[in-house]
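Given the coordinates of chain A, assemble chain B onto it according to the supplied hints.
Each chain, letter by letter, is given below.
Number of protein chains: 2
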Amino acid sequence: MARWAPDTRERLRAAALELFAERGFDATTVPDIVERAGLTRRTFFRHFSDKREVFFGDDEIPALAASTVAAAPADAAPFAIAWAGFHRLAADRFEPRRAQMQAARRFIASEPALRERDLQKQADLRDALRDGYLARGVDVFTARVTAGVAVELLQIALERWLADETGAALTEHLAAVRAGMSDALADA
Amino acid sequence: MARWAPDTRERLRAAALELFAERGFDATTVPDIVERAGLTRRTFFRHFSDKREVFFGDDEIPALAASTVAAAPADAAPFAIAWAGFHRLAADRFEPRRAQMQAARRFIASEPALRERDLQKQADLRDALRDGYLARGVDVFTARVTAGVAVELLQIALERWLADETGAALTEHLAAVRAGMSDALADA
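Those protein sequences? They're chains A and B, same order as listed. Numbering (my numbering) for the first sequence: 1 to 188. Numbering (my numbering) for the second sequence: 189 to 376.
In short, the hints are calculated from the structure, not lab data. Any given hint might turn out to be false.
Claimed, not checked - Using 20 Å as the maximum straight-line C-alpha spacing, the simulated EDC-like pairs for lysine to aspartate or glutamate come out as follows:
{"no.": "1", "chain 1": "A", "residue 1": "51", "chain 2": "A", "residue 2": "92"}
{"no.": "2", "chain 1": "B", "residue 1": "309", "chain 2": "A", "residue 2": "127"}
{"no.": "3", "chain 1": "B", "residue 1": "309", "chain 2": "A", "residue 2": "111"}
Claimed, not checked - Chain B is faced by these chain A residues, among others (derived, beta-carbon under 7 Å):
{"no.": "4", "residue": "77"}
{"no.": "5", "residue": "113"}
{"no.": "6", "residue": "114"}
{"no.": "7", "residue": "116"}
{"no.": "8", "residue": "152"}
Note that the Cβ used here is the ideal one computed from N, Cα and C, for glycine as well.
In isolation and in its complexed conformation, chain A is listed as follows:
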């Protein structure tokens, strides 16, 4: 009953993804998940509002984006702030969780309601980034365009990285997608 453990959220997520893989999403209940994780129902609901939320590890990411943007040096260019933030996220959050994110992706792809929630999460991140820029005094146009381009870039890079069997780092995919987007816009 290690409710104090710093990795409680990750333990719940790992137990849930195991059970979803074994029994399917619908046949797995929250009591099943907490039993597997050796935790309580109450602990589960402190971390996730429902069992779908298990797939979305990154509720904290929009808040993180907002604080990262707020903390950036005054002269930092808007896109550069997002770019640096994505590299920190890659190292701290994404790379250590690749296998788990791959499992979550498969479930998300398989259910329309999860795909919709996933799209909403991306939109939430984009809005948090845009609002962070606006709070720094970035103009409305640049804030919206930069947030849009940055979040689409991150999304494509994550998809590519999770599907990549060669073991290339997420940062390599970020660089490739950034170059690919520039080329597309230049009609190259």
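Same frame as chain A, but now just chain B:
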């Protein structure tokens, strides 16, 4: 009972948006809408699966994107195909319907379920574009990146155009957003 009229869909949509504005979305029923439009319930359901779909005039747009990509000259660059398609859509579909699209936008913004469906429609267009590129033999990376950048560009340009009180054309917003996205990616 002009069920044969080419503008049936637009008449239903105009009637629905009027009623939503007068009575609110929840208080408006499909029978109210067809009465106002002078059409039948059956006709309504030939055009829309439910009253929410009225907000999304563009179910045909993913199919249109697929056929446009398929019909493009063999040597056309992937992004250039989307860009030409957006300019045709601007002239044929969006500019003539600006006031109606503004009304629909306000409703969409006001209800989470409509916002989610709107995100799904954008994702559908992106996937249709990507699949169209793949069918032309474009590589997977370029197909995904080009579709992602093109649909985000269109989305931002539409938002800007619908909010713009100066009367600037959608094509001007498309050009401005394209330049803004390039600048962001170049850290400019």
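Here is what the structure says about each hint:
Between the alpha carbons of residue 51 of chain A and residue 92 of chain A the distance comes to roughly 24 Å, so the proposed pair goes past 20 Å and is violated. For the hint pairing residue 309 of chain B with residue 127 of chain A, the CA-to-CA distance comes to about 18 Å; that is within 20 Å, so the pair holds. Note on residue 309 of chain B and residue 111 of chain A: the hinted pairing holds, with a Cα-Cα distance of about 16 Å set against a maximum of 20 Å. For residue 77 of chain A, the suggested interface contact is upheld, since its CB lies about 5 Å from the closest CB of chain B, less than 7 Å.
Interface hint status for residue 113 of chain A: violated, as the beta-carbon distance to the closest one in chain B is roughly 10 Å, over 7 Å. Among the interface hints, the one on residue 114 of chain A is violated; its C-beta lies about 12 Å from the nearest C-beta in chain B, farther than the 7 Å criterion. Interface hint at residue 116 of chain A: satisfied, since its Cβ lies 5 Å from the closest Cβ of chain B, which is below the 7 Å cut-off. Hint status for residue 152 of chain A relative to chain B: holds, with the closest Cβ pair at about 5 Å, below 7 Å.
The structure fails hints 1, 5, 6 (numbered hints given earlier, in ascending order).
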